[in-house]
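Chemist: Got chain A sorted already, so can you dock chain B onto it with the hints?
Protein chains in written order, with the working numbering: chain A, 1 to 255; chain B, 1 to 255.
One should not assume that every hint holds.
What follows is a list of derived Cβ distance ranges for each label pair [to be verified]: (1) ALA51(A) / GLU171(B): 39 to 45 Å; (2) ALA51(A) / ASP112(B): 43 to 49 Å; (3) ARG14(B) / GLU93(A): 26 to 32 Å; (4) GLN181(A) / ARG27(B): 56 to 62 Å; (5) GLU193(B) / ARG23(A): 45 to 51 Å; (6) ASP175(B) / ASP216(A): 49 to 55 Å; (7) ASP202(A) / ALA111(B): 44 to 50 Å; (8) ASP112(B) / ALA72(A): 52 to 58 Å; (9) GLU93(A) / ASP175(B): 34 to 40 Å; (10) VAL170(A) / SER189(B): 25 to 31 Å; (11) GLU93(A) / PRO146(B): 24 to 30 Å.
Read the hints as simulated data drawn from the structure, not as lab findings. Note that beta-carbon positions come from the ideal geometry of N, C-alpha and C, so glycine has one too.
2 protein chains.
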Amino acid sequence: MAEPTADGGALGPRSTTVRRLRRLAGRRSARYDDRMLLVEGAVLVAEAVRAGWRLVDCVAEEHAPDVARLTAEYGVVPTPVTAAALAAIATTETPQPVVATFEMPTRVVPADGMLVVVDRMADPGNLGTIIRSAEAAGAAAVVVTPGTTDWSAPKVVRASAGAVFHVPVVEATLDELHEAQWRLIGTSSHRGESYRATVPGDRDAIVIGNEAHGLDEHAPIDVWVQIEHRGRSESLNAAMAATLLCFHWAGELPA
Amino acid sequence: MAEPTADGGALGPRSTTVRRLRRLAGRRSARYDDRMLLVEGAVLVAEAVRAGWRLVDCVAEEHAPDVARLTAEYGVVPTPVTAAALAAIATTETPQPVVATFEMPTRVVPADGMLVVVDRMADPGNLGTIIRSAEAAGAAAVVVTPGTTDWSAPKVVRASAGAVFHVPVVEATLDELHEAQWRLIGTSSHRGESYRATVPGDRDAIVIGNEAHGLDEHAPIDVWVQIEHRGRSESLNAAMAATLLCFHWAGELPA
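This is chain A alone, in the form it adopts within the complex (with noise of 0.2 Å):
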């Protein structure tokens, strides 16, 4: 890289590919520009190349310790830069020592298998999380709809522990599912049959709504099912909640 830089080799926060890094890192609109995402961390980075994403760009503090690892096992050589240009890139209090783009693949739909939709969910902790137990219970796809937080956000690759880069996350509507013909399982604190006595069929789609207002009535929901409590609390949170649908749905279909 012929860019000019700050001391002894490593590149500064005012170079080119400092601050594009930090314009992904901070606006959705750069990341759907570009088609790319920004992963922080080297634990992540390798998980990003492990699932077979296209490595853009990567940039390391020198001699950091994870380095020396992320090159030996999976051939990635990171550009240097300084501490400075790491804190300039931050989303987090303390910088990663390794951050890297990646290009975020083309994903579409599914014919079949079972989804997760996540609607107009405000908080990327609760969608990250949501991604990790929809992976792990071996969802065909997550499905965002519009309104819901950019699933391609720091924080939400970060909560999703790397999950984000196993299973395909796709923006699509309800009435865009619906019309596809999946069976779409709305979830409700007051509404339905008990999740547990619903059998699951091979093209359901379990829709999680919003943390605070829940799915809209109108809905094209084909089936409302609740999560019954034996506590006085008013309800689990919506994570926790897609977390005891998707196990079951996973549980109850054949491997």
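Modeler: Okay, now just chain B, sitting in the frame of chain A:
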């Protein structure tokens, strides 16, 4: 209250009451010395009152919209404090307009039922989420071992969504539970039978280990269970694993 006030009758950040609340918010030792915990926000304060917890102090910004309802529905009449006082107490970026302290009730391990045991867990958000799931699933108590993040911290209370007021949280060691002849069910990502194959008993203690290290190999576990994954991720988040197990146990037990 005969304390000197900062402006028009409202207590300021240096008043004795506000300084006490601030200490309870930030220090575990203060909470245990005084056997009190701090609850932030009208919704959680109402939940604690509804659960029968004994209110000690309540302070609020004057004319805060939630205060009238707290007074009308629960008979709580807060002491007015300044915005600066609330900011001094707050454990969140945006201070809540109502804060209260409650007596920490004395709790013992119940004689039977389902226990959820949290062993050396580090993250307050995870602990709060597990308390929420345990309560919703009907656990008789949540047991925290020494080394687990303090359950009385504001972040745990918040993450529990008030469930902490409805299920007893008690401290004990795994050895004490073992000696009291609870059946200890240990969760592992790599050993034991499927949790779905385990027949729940009426004195079972589901043990969840530390997020990063899991349970100690030498812990006095009677039955190891694992959650089978279909995905390629390494494991579930500890709170999601706890949720699946609690609800499996609850669903298999007579109501």
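Chemist: Each hint should be assessed against the structure and marked as holding or not.
Modeler: Evaluated hints:
no. : hint                              : verdict
1   : ALA51(A) / GLU171(B): 39 to 45 Å  : holds (42 Å)
2   : ALA51(A) / ASP112(B): 43 to 49 Å  : holds (46 Å)
3   : ARG14(B) / GLU93(A): 26 to 32 Å   : holds (30 Å)
4   : GLN181(A) / ARG27(B): 56 to 62 Å  : holds (58 Å)
5   : GLU193(B) / ARG23(A): 45 to 51 Å  : holds (49 Å)
6   : ASP175(B) / ASP216(A): 49 to 55 Å : holds (51 Å)
7   : ASP202(A) / ALA111(B): 44 to 50 Å : holds (45 Å)
8   : ASP112(B) / ALA72(A): 52 to 58 Å  : holds (54 Å)
9   : GLU93(A) / ASP175(B): 34 to 40 Å  : holds (37 Å)
10  : VAL170(A) / SER189(B): 25 to 31 Å : holds (28 Å)
11  : GLU93(A) / PRO146(B): 24 to 30 Å  : holds (28 Å)
Figure legend: structure checked against the earlier numbered hints; every hint is met.
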